[in-house]
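2 protein chains.
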Amino acid sequence: MLNRAQLISEIHKKRSFLCVGLDSDKTKIPKHLLSEPDPVFAFNKAIIDATRDYCVSYKINTAFFEADGWMGWQSMQKVFDYIPEGILKIADAKRGDIGNTSHQYAKAFFDTLGADAITLAPYMGNDSLAPFFEYPGHWGIVLALTSNPGSADYEQQKVGSEFLYEVVLKNTCKLGNPENLMFVVGATKAQEFEIVRKHAPHNFLLVPGIGAQGGSLAEVVKYGKTADVGLLINASRSIIYASSGFDFADAAAHEALKIQVEMAGFL
Amino acid sequence: MLNRAQLISEIHKKRSFLCVGLDSDKTKIPKHLLSEPDPVFAFNKAIIDATRDYCVSYKINTAFFEADGWMGWQSMQKVFDYIPEGILKIADAKRGDIGNTSHQYAKAFFDTLGADAITLAPYMGNDSLAPFFEYPGHWGIVLALTSNPGSADYEQQKVGSEFLYEVVLKNTCKLGNPENLMFVVGATKAQEFEIVRKHAPHNFLLVPGIGAQGGSLAEVVKYGKTADVGLLINASRSIIYASSGFDFADAAAHEALKIQVEMAGFL
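Those protein sequence lines, which keep their order, are chains A and B.
Just so you know, the first sequence maps onto residues 1 to 267 in my numbering.
Just so you know, the second sequence maps onto residues 1 to 267 in my numbering.
In case anyone wonders, no lab produced these hints; they're calculated from the structure.
This one's a predicted model, so the numbers in the text were calculated from it and none came from an experiment.
From the three backbone atoms N, C-alpha and C, an ideal C-beta is built for every residue, glycine too.
Among the hints, erroneous ones may be present.
Said to hold, decoys possible - Derived lysine to aspartate or glutamate pairs resembling EDC-like cross-links, with alpha carbons at most 20 Å apart:
#	chain 1	residue 1	chain 2	residue 2
1	B	K78	A	D111
2	B	K28	A	D111
3	A	K28	B	D25
What the hints assert, rightly or not - Coverage of chain B stretches by chain A, computed from C-beta distances (three or more under 8 Å per stretch; other residues unrestricted):
#	region
4	60 to 72
5	98 to 104
6	120 to 127
7	152 to 162
8	167 to 177
As the list claims (entries may be wrong) - Cβ-Cβ distance ranges computed for the label pairs, FRET-style:
#	chain 1	residue 1	chain 2	residue 2	range
9	A	E134	B	A264	35 to 45 Å
10	A	E134	B	D228	36 to 46 Å
11	B	E36	A	D49	33 to 43 Å
12	A	L267	B	N100	23 to 33 Å
13	A	E36	B	T226	44 to 54 Å
14	B	H32	A	P136	30 to 40 Å
15	A	G160	B	T226	46 to 56 Å
16	B	S35	A	E262	54 to 64 Å
17	A	R237	B	K170	29 to 39 Å
18	A	Q156	B	L34	45 to 55 Å
19	A	N100	B	D53	25 to 35 Å
20	A	S244	B	E194	46 to 56 Å
21	B	S161	A	G265	26 to 36 Å
22	A	D53	B	N177	49 to 59 Å
For reference, chain A alone in the conformation it holds in the complex:
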């Protein structure tokens, strides 16, 4: 578990607000790992060893593990168990369902898997998210404005005078507070961050889209950063697939360090 004060302290200690996304596609990991007993875990273990000094969080994308069924979940459990103390463990799972089902998901991710935080899809409304906020010391990270083209379909539609993602920000802030609630915000434009910060001035934002997805770190910091930093910026593929050879871990460390150095300049 990592509370807000501890997270902020780690950010300043490491001079980094980088979240490394572990989207470990079996078809993309270095070929020489395929002879390992658990190639996906071996890959993630090496990536964690190589990048742990440069990041404050790992985001585990559940889909890439579920693709291998129960054996994938076994690898995922090993990855969660392997992440060192003091680093925020995010299950990027986009869950959300009626109350008694969400309660089971909270149990799955917080109790069984040992995640500190989970990403949540808000479509079914506040009662579908509430069970995740009944776990002291844990975080819900709610989808607000995502960076994919489909964000135009609903998130950026107007509900009355506001965007749907604004309504999500406002409603969800009734469930949690900056100690246990973050938002996924794939914004890059100043105007979007202005809207987000109007409704969620103190919440941490998990920002995807740096690196392979092409977002600019400087822009995000300029518009999204708060006095308490308030940003976790994710990079996945640009780090973990920096090389597909025997040097993949060194290459990942190199990419993570590059981002950390850039981030230090903003702190």
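Chain B: place on chain A using the hints.
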């Protein structure tokens, strides 16, 4: 796999459009099963044996299995494998993410787990759902209007002159067709079904909320049924937890039969 024509044929053969929801909460299954090597599978196996003649679909709620981590996923795999031919296997998973992640979820549920259908959360827009419709012979079941109180938070908000769930119905119909696309509709009011059927006149609807959640079968049939039936009506707790004693399977069969007989009257 079960295509639309086969599903309709099974409905008429069994004189039932019942979907049995397998929400197998370990704390609620009969105590005498806890000494089995895999209590959750033993429970589901007995429920399937007892109810398979009275239903055309099983809906496996992934949360209840994930609560036990990788061992839960192992039980879930066994449940999927055990469901007989000719019965639609729905993974009630409410997934949805950016394209390359949704592609991994489609692989997880359709290829690895062997589901025929998966429930999907539409918040991130059409590109987050598209990968699920690239699997011939499989179904995406998209959340439209759910039956929980939180459906008022976003689903029933107005976007221009339409409810958000209407916009979801319209947009999603561009991705799929009645051969591979269903919707979750927790409606009970005539007016709601009128709106749903305006946008999705031929799609099957997966309707929760009969039984423990208290919906009326007659009302749903009256407003939602089409010439091709077009309805799968789910009951979970009222069937699977009909008894917590040694007679749980018989009690489940009895409850499922009662619903089947009522359904036969509407066919």
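**OP:** Hints the structure violates: just list their numbers, smallest first.
**Re:** Result: hints 1, 3, 15 and 21 break, sorted rising.
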